[in-house]
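Could you put the whole structure together from the sequences, leaning on the hints where they help?
Residue numbers (my numbering), protein chains in the order written: chain E, 1 to 146; chain A, 1 to 507.
Derived by calculation from the structure, the hints in this document are not laboratory data.
Have a look at the derived ranges for each label pair, beta carbon to beta carbon:
#1 E:GLY85 <-> A:LEU451: 36 to 44 Å
#2 E:PRO70 <-> A:GLU184: 42 to 50 Å
#3 A:THR297 <-> E:PRO70: 19 to 27 Å
#4 E:ALA33 <-> A:ALA482: 32 to 40 Å
#5 E:PHE72 <-> A:ILE472: 39 to 47 Å
#6 E:ILE97 <-> A:ALA482: 56 to 64 Å
#7 E:ALA123 <-> A:ARG493: 55 to 63 Å
Over the 10 Å line for every Cβ pair with chain A, so calculated as not near, a few chain E residues:
#8 ILE17
#9 LEU18
#10 LEU21
#11 THR96
#12 LEU120
#13 VAL135
Cβ atoms here follow ideal geometry from the backbone N, Cα and C, with glycine treated the same way.
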Amino acid sequence: MRRANAISGFVLAAIAILALLVVIPWQIENGPAGMMSPRLVPQLMMGAVLVLSVLLVLTNLEPAGRDDPPPFSREELRALALISGVFAVSITLYLTIGALAFGSVLVAGTLVVLGERRPLIVAGMPVALMLLLWVLFYKILGTAIL
Amino acid sequence: MEYLLIAIQDVFTGPSLFWVAGGVLLGYILGAIPGLGKATGVAVSIPLTFYLDPVSALGLLIGIAKGSGAGSAVSAILLNTPGEPSSAPTALDGYPLARQGKAQKTLKMGLFASVIGDFVSTVVLILLAAPLARYALLIGPVELCAILVFSLTFIGGLSGGSMIKGLIAACFGIFFATVGMETETFVPRLTFGFLQLDDGISLVPMAIGMLAVAEMIVQAGNLRELDAQTERMKDSDNPDDRRITGPEWRRCAPVIARGSLIGTIVGILPGLGASVGSFLSYGATKRASKTPEKFGTGMIEGVAASESADNAVVPSSLIPLFALGIPGSVIAAILIAAFILHGLTPGPRMFTEQPRLVADLYIAMLSASLIMLALGYAGQRIFAMIIRVPLRLIIPGVLLFCCVGAYMETSSVFSIYIMLAFTLIGFLSRKLDFSFVTFLIGFVVAPKLELSFRQSLQLLNHDWANLVKHPIAIAFFLAAIATVLAVARKEARQSVGTIDTKREELS
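So, in structure tokens, the structure goes:
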């Protein structure tokens, strides 16, 4: 974790510098005279992040041991990529077709990428969950959500 | 007292009790589903109360708030996914206990601790709301700013393995809370031209992304191992693993008492919230324990500490609302709208203008605590059945509910984009051990912190020497400094110890 701490410290320090020098001046006006600047709190926070990130780097400069495990496993990164892909497809379908397609593909797609292969489950679970949502919101709570 | 007796008659003879029970049941179910917490449940249910009498309506909403507080422990214990951020410490020990085949015991302890904390806090609300109005006025902006700084420092130092990382997370939480229109100058901040960001980043999609969706992705990455554990994870054959034994009750009784007290005090202090309460209680119990190193591996005291404080926060957070008309929490803020809708304007005058309605509300709240115990206990076997379902079948449903929860906040797909952005941040913060809880608490208290900071500057006339006129604030600032020094010293010692061990290994 020491190597990961040092790298994340570098990255966060870079983000803080970028925010202080570019993003905050670009995205926040100075505000009227005589009032506390709207930039003050964001600048204070990014200043604090910069100082703390430098401290994080300095306290983790000791070389990492051989048994220092990487923070991410290959399976976790794979799951992140696959589920992100399912979300991307689902949102595209929401924008082009509608909410029903979004929900169905999100559930069925996630089931498939997680290794479920039984057709009854892959086809039946989206239907069951969408029906459950409809009963919960439209019948029990009486509130339209779309 | 006269009004309380009339209130018992009002609540127990009319339809109110049915609606209170319905609220508790609904809240329990919503709380158990990750991402659909009390705030979402109460907000969604307000339109349902239009056609109910005031006591039934307010009883239903209070029931949802209380039920979801207890229900959120179910997913924390069984899925390692807190239903709400305030149940995060419950998962630390609750999940390992469930994995050891002690799910029923853990759920029972979570329920009992929740009910006791909630009941004690409700009694404190009844006893303190009116008299406290005079004393609560002593907490001005300077004191509030100091209390918030202390809370963030304390939680930043406590949660996660590194104080520096905890404080970085808190700073980022506050930074993201500044997105949107600044309330005094109306200058848009960090909106990048998106009109949806003018009102700021909404807490619900952010919290759902960071907590629920990120956790689902981490669990998806460890699916094989977790499914294998689920197959092995059965209720133990030992009857003592399914019930709370006498020695466990004796160990947990003082923990629940302390958690109830901490939760009640945190609830009274405006702006801190249930997460602060549950983490403070968990930390205090860990420090008081003779075996602090065992926390996080399955200590039933951890569950008792967290749940008692978590549920004690909700009723006592209504004290500033009832006494001063100021919401002390997100749920109190949402409830203001419902109270006004049903003719009860929160504030000191409601005790003299509508004493019967206030008494009805108190009795409905006490009833909700007892109903929560009955429903929670009766439904425990059903909730415990979740652990037998493989994770690959749970994750898609949770993701769908998360999307619905995020979408409902603004009825816009933009909320889902926000949820996904914070999913990535939550995933990274989990893996790199940056406390996402500190981040979220920083985000929640940031508007109050900024406002109180701004007011403090004006009150102190931009001269910090004037702080001597605010001894309570000085005490909290000193406590914050002491916390930083104490935690830094402890971490430095640990770091030196680790380096020495490595050198010994190399030599």
